[in-house]
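**Q** Following the hints, position chains F and L against chain R.
The listed protein sequences derive, respectively, from chains R, F and L.
Be aware that the first sequence starts at 3, since it is given in our numbering, and climbs by one per residue.
Be aware that the second sequence starts at 433, since it is given in our numbering, and climbs by one per residue.
Be aware that the third sequence starts at 3, since it is given in our numbering, and climbs by one per residue.
Hints listed in this document are in silico derivations from the structure and should not be mistaken for laboratory results.
Hints should not be assumed to be uniformly reliable.
[To be verified] In silico lysine to aspartate or glutamate, EDC-like type, Cα no more than 20 Å apart, as pairs:
#, chain 1, residue 1, chain 2, residue 2
1, L, Lys110, L, Glu157
2, L, Lys205, L, Glu137
3, L, Lys205, L, Asp175
4, L, Lys205, L, Asp226
5, F, Lys597, R, Asp276
6, L, Lys110, F, Glu705
7, L, Lys88, F, Glu717
8, F, Lys478, R, Asp124
9, L, Lys110, L, Glu140
10, F, Lys522, F, Glu536
11, F, Lys597, F, Asp531
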Amino acid sequence: MTDQSLPLARRLLVPYWLTLPMAIGLAIVLFWLLMVVLAPVVAPYDPLELVGRRLQPPSWQHWLGTDALGRDVLSRTLFGALHSIPIAVIVVVLAVSFGALLGALSGYIGGLFGSAIMRLVDVTLSFPPMLLAMAVAASLGPGLENAAIAMVIVWWPVYARLMRAQVLEVREREHVEAAIAAGASRPRILFKHILPLCWTPILISATMDLGQVILLAASLSFIGLGATPPTPEWGSMISDGAQQFYSWWVAFGPGVAILTVVLGFNFIGDGLHDYLDPRSE
Amino acid sequence: MLTSGWVFVNNHRTVSSGQTSIFGSMHPCEGAKLEKGQPLTRFILKRLFAMPFLVLGIVTLAFLLTTVTKGDPLTAILSDRQLNDPEAVKAAMARWGLDRSLPERYFIYVRNLLSGDLGTSFVTRRPVLTDVLFRLPATLELVGAAMVIGSTIGISLGVLAAYFKNSWIDHLARLFALVGSSVPVFWMGLALLYVLSVKLGVVPGPGRLDPRASLPPTVTGFMTIDTLLAGEFKLFANALWHLLLPAFVLGWAVSGTISRLVRANMLEVLGREFILTARAKGAGELRVVIRHALRNTLVPTLTVISYSFAYLLTGAVLTETIFSWPGLGSYAVGAARALDFPAIIGVTLVGGIIFLLTNLITDIAYVIANPRVRLG
Amino acid sequence: MNTPLFSVRDLRVGFLSRSLPLEAVRGIDLHVDHGEVLGIVGESGSGKSVGMLGSVSLLPPSAYVTGSARFQGQELVGLDRRSLQKLRGSRIAMIFQDPLSSLNPVTKVGTQIVEAIRLHDRKISKRDAMERAIELLELVAIPEPNRRVHQYPHEFSGGMRQRVMIAMAVANDPDLLIADEPTTALDVTVQAQIMEVLATLQKRLNLGLILITHDLGVLAGHADRVAVVYAGQVVEQASIDDLFANPKHPYTRGLIASIPNISEEKERLFSIEGAPPPLGRLPSGCAFNPRCTMAQDVCRNLDPQTTTDGAHSVACHFADDKEGACA
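Bound-form chain R, shown alone:
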């Protein structure tokens, strides 16, 4: 429905999907994405260097104070984007590729292979995600790479299930039957005729999951299974802050960072959801 009351200028300049939450979400996410690249330029200090006295409250020299070793919390928080956001993106990309491939094969080939994959999906999804990620990460040993592997293991079944459902639906469409009748080979049918139609929901879902993956990564780091010190990762910074409980500023920066970036992704997810799901109107 077009809204007659809006001034013409606004209607022309602002696309209709750009609601206020969406705009805020995009702005926040854009800010943190910029930080991934620009942190070295913007941050006032080196995140690893001991630049001041220990546990200084916020001041003009150190806007967010200093931590237990005398490092600048603001600089560490800004650099934290570099250690939190790319890992989430990598995890989601891997989980999507892996999950979508297995899900598509399971849906297209079916049979014993297909159901074997789906049982594996069922079993993996039977675990509370955080617990399973913890157990896998602990078994592999601490470190950001192992935490990433653990998160991929926890997350791929979500996409496998989604992809399989998509493939099963698209497979029945007429153009696929036409391609079969025309004698196209099976891989060709899968890759040329089915998969291109399956991506949209997966990609949307993946975008929306980014915030959750950032949270999970931070949680693993918080309990000591992700980033190892002295990496300025948000979860482990909060863990430092928990130990310096009375110096609230140590955990403040990284906490706000996680909150805003996840909120940003959730705003975007919400906007996409409202935009794509007419029922919510």
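**A** Positioned in the frame of chain R, the structure of chains F and L alone reads:
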């Protein structure tokens, strides 16, 4: 089937839109996919039939985790000190059959599990099962309180948001819920503890009871119940008081999912004609909203609440450490930090099985409770 | 002159939309008395239901109502919520179009009737209210009422559900019953039965009945007077006999011509060409002019005034051209 389908069809949506919280995604393990015309008994039987296989799958995955640990599998079972003790190494080799082939080891692992042997924790040096059972009540108490708080907040916000759709109340309610599911619970716990307890002193500090209080005799392990059994009403109040903040932090995190679902369902129900009938009868607005509209959303609401149980269980992992809560969560975190493998895998196994059971019960209760699905 | 049971003067209902207020009801005048049946007829979207719901404040918050709607002399427009709640369901009762969705699906039928009774009679016990509910089901000729009160709506057929709605509506012995398309959603055979039930109860309880419908045929034999509504205005109002014998507005003539008539066995039903104007897109002049076969320049420029001879009122520039242009 219309409203009913919603929960499950949209469950993945709910997940992916990030409406859950720290516990990762809220994927249903086996959403109740009751097909039209499928007899109820067959549905339940099918679900029950799948159970042993899922449990076996969980056990297998847990076993595989013990084998992927880097280097010698012994490091997954024995601590560094024990590794230098030939006696201990020999005993462990025999107990877990480490000198045998993988299939044989798997068989031994399952046999040990069946006899309740989850291994021995490096840290506490007690059997993992003993530790887990000892710590379970504290977690269940926290999770139960969080569920009450989370569903109260979630339902109220969902109802308000739907009733005042698109007003500032709606926007505020949605923002509150969204913040709850975006914030790391462990940080929210820290922040609230600092502000409310240290600065303002309106809530007690961490722990289950005032540290100076003498503990009531342990009967059930639930502090609130044990204090009551001991007739210590002051202690009971103290225990409730201590429960409030951690349960709120945890409950806030799940209230987002609940309020979102309640809002959507309420919007649908409030637009139906029987709401007009109720108003035409002369019912007041409160009655229309609660007795007529909310009651019609009860089944999907209860379903999402009971699903949230399992997620609260994982959320407890992160909340308990902050609040010095002596439950499974702080046990798991302690184990993870100390790389205490038998404990980690034991907790994961128990968590998986609890998760599976609650979801099964939810699914079955759901189809039984919904007359429209039942009569289909 | 006595105050009528229910009278509406210059009632207007609009909806606030973000752009401009849309007027769905543009000043209607109606009245109904004890024991009288007033039919309101018009196509869907003509504003006939909106007007009646608006007069008892049952529209969503985006609607605003102006003008006057008096019930036993008491002004309803602008009346406080509590007093309105007291009137609704006790003095003024309503039944709606779709019996499938107008009963609460998760509550037993008996409980819903009991609720209607107890909302207005705090003193009656649950048991007595249930007794009364059973009597009411008997009154609307539902077989085995003792068993039926304990069933859920989905265990009833459409016609039976509409009977339940009627039973619930008359539970508190109201003075006025507003029936909004009570038979539209039902099978033809069931329609006649429901109308029979309504007519019997109306006489027995001496109800003022407002029967809203899009089908003039439903009113024949049941209504005393008929108001024809088009685009939010009453275009013609007369006693039913007078209206059928001497329709003055071309729209009314169209409606009469489109009543299915079995005896004549017409192959094709007559229907008025075109559709009523959407909200906020009224043509200038007479709202009916784009569809009217006798429209002249004056109809396109000037909104006709309502003229009346006391019993028969009409709003048409050519009301007295005895079908001249039409024939």
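**Q** Could you run down the list of hints and mark each one as holding or not?
**A** Here's how the hints hold up against the structure:
no. : hint                : in the structure
1   : L/Lys110 x L/Glu157 : 10 Å, holds
2   : L/Lys205 x L/Glu137 : 18 Å, holds
3   : L/Lys205 x L/Asp175 : 13 Å, holds
4   : L/Lys205 x L/Asp226 : 12 Å, holds
5   : F/Lys597 x R/Asp276 : 14 Å, holds
6   : L/Lys110 x F/Glu705 : 17 Å, holds
7   : L/Lys88 x F/Glu717  : 13 Å, holds
8   : F/Lys478 x R/Asp124 : 15 Å, holds
9   : L/Lys110 x L/Glu140 : 17 Å, holds
10  : F/Lys522 x F/Glu536 : 17 Å, holds
11  : F/Lys597 x F/Asp531 : 66 Å, violated
Hint check: a violation occurs at hint 11 only; the rest are consistent with the structure.
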